[in-house]
Structures are given as C-alpha cells and as structure tokens.
Amino acid sequence: MNNHSILRVVSKFMIPYILLFALYVQFHGDFGPGGGFQAGVIFAAAFILYGLIFGIEAARKVLPATATRILLCAGVLLYAGVGVAGILLGGNYLDYNVLAENAQAGQHLGIFLVEFGVGTTVAATMVTVFFVFAGQDF
Amino acid sequence: MACTAFAIIRLRNLFSVVILSGIFSLLAASLYVLLTAVDVAFTEASVGAGISTLLMLATLAITSEYEKKSERSTLLPKSIVIVTGAVLIYGTLDMPLYGAADAPANLHLIQRFIEESGKEIGIPNIVTSILASYRGYDTLGETVVIFTAAIGVLVLLGHGRNRWRPGKQPKIARDEQEEEV
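For the protein sequence lines, the chains are A and B, in the order given.
Under this note's numbering, the residue at position 82 of the first sequence is numbered 82, and the numbers go up by one with no gaps.
Under this note's numbering, the residue at position 118 of the second sequence is numbered 118, and the numbers go up by one with no gaps.
Derived from the structure by calculation, the hints contain no laboratory data.
Incorrect hints may have been included.
Said to hold, decoys possible - Here are some, though not all, of the chain B residues that point toward chain A, as calculated from beta-carbon distances under 8 angstroms: (1) Ile-62; (2) Ile-146; (3) Ala-149; (4) Leu-157.
Virtual Cβ for every residue (Gly too), placed ideally from N, Cα, C.
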C-alpha cells in the first residue's frame, strides 16, 4: 500500500494518538474502564496499522521479532514475579498487601505492575500473531 | 444481532463473513454498554470487533476468499446445535431476572465489593480491583492463555516460510541450498 498517500499521511497522524490512548487506558484503568487487556490490544493496533500501511518489513524494523518475543515472556514473568515477590516479602502468592508499607499502597503497586504485565503480553501477542500471519510468503 | 448471525451462517463469501462478525461484536459491545458493563464492552469492542476481525482478514489473505461447498449431510450437526441451544436457553430460565434485588450475586457479593473494596484496595474502579487483586490467579491464568496462543502460532507458523524469524537466512539463499540437497 505504498502509493496511497492519504492513508500514509492519516495513519502517520493517527499512530501517536493511538499509542497515547493505549497508555491512557493502561494507566487510567484504576479509575475508569480499561486495563491491561484493552490497552495491550490498542497498543498492538497501532503497530498493526503501521504494518498494514507501510509494509511488514518496515514495521519489523521498528519492532524486531526478537523484541516481541522478549516482551511476550516479560509480561507473564512480571505478573508471576509480583506473586513471587509477595511470597518473598512474607505474604501469600499474589498477595499485594505486603509489597509496600501499608496495604493500600501495596495493592496500588501490585495492581499497577500486574496490569502492566498483562498489557505487555497482550500487545506482544497480538503483534506477533499478526506479523507471523502477514509475513507468510506463499 | 440475530440477523447478522444468520447472515454469517448463510454467506459463502468469507470476506463478508469476517466483516459481519466484526459488526456482530460491535453490536454485542453496545449491548454490554446497555447492561452497564463498560469494561466488558470495551474489551469486546477492541478485541472482538477490532483485533480478531483484523487477524481473520490476515488469515483470509493467505487462504481463499470463498468457502467450499460441503458435500456431506448437515442434518446431524444441525440437530446437535439446535438441541444444545435449546438446553442452554432452558438453563437460562432458572436464572434470576436482570437486576433482580434477590439475585444471589446482588445479595452479598456485590454489597461486599462495593462497601469494602474501597477500603481494602483503595481504587475507585471496582472492576479493576476484582480483576487484578481479588481474582489475581484467574487473570494470571488468562495472561498465560494469551501467551500460549502466541507460542502456538509461533510453533505452527513461525518456522520455515517466515522470513522475519530472528537469525533466519533470506529466502533466496535457502531455496538455493534446498536445490543443492
């Protein structure tokens, strides 16, 4: 789709706002609707849009295959790691109360990290699945 | 929603089917908004109407656009689907009405979450506190499911013909090698 100048210009204009909106959904999930799952999907949508308009090759330069694979694992490890940190600090698995001085701050920190892990994994998954499908050269 | 569902069944053009399923998801999302489940609606709109439609289109690009006409009789599958659907609808007859004050979930669970989660978690969005804290195990499981899906796609499709695998030699060089073998 390299010749569609309208699509190129509009998508270039849109992508930063899509990314920004994804981050808003991610970090505002405590107060409004949203959270890791939705934010991850929106974040991935920006990269997929870039891949659709400018080609998978260009998108892979922005986000190499190695990076998505690392992010894929990093998200799950972060989530599970928060649980293990809870055990190490003397609580139960995935017990956020012990993560900070008081229970509420601990819950805030725990939910923040856990949602971040979810978002990372979901975004990396969607990008990986799309690029693997679209990168098939039959 | 019923119209789109029947259209999806009848159509043989898979491109239209994918677009219609996206519309179906969007209608479902509006339904969730009406039921004041905004978080679920958000997920349905972004995942169901957005990404899955896109992934299905990407799949269509590497397969064909038209469904093959099946020669086998569809009587048995149809009857199984109708019986299962009837049983499921029969099951919903026992459920409490939407918003009924004496529904089991409204009697103690929701009251507890509304009254206590502010003090225990300190986060205004109760859905987030339930999702990430009260049922953190389930959400971990869901994340692992998504992770597994990505791993599955990578194992099935990431090999061989995928040019963008890390450390993969270019396709032309590989073809030459295969000719030598």
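Results for each hint:
Interface hint status for Ile-62 of chain B: upheld, as the beta-carbon distance to the closest one in chain A is roughly 5 angstroms, under 8 angstroms. Residue-level restraint check for Ile-146 of chain B holds (minimum Cβ-Cβ distance to chain A is 5 angstroms; threshold 8 angstroms). This hint holds: Ala-149 of chain B has a C-beta 6 angstroms from the nearest C-beta of chain A, less than the 8 angstroms allowed. Interface hint status for Leu-157 of chain B: upheld, as the beta-carbon distance to the closest one in chain A is roughly 5 angstroms, under 8 angstroms.
Checked against the numbered hints listed earlier, the structure breaks none of them; every hint is satisfied.
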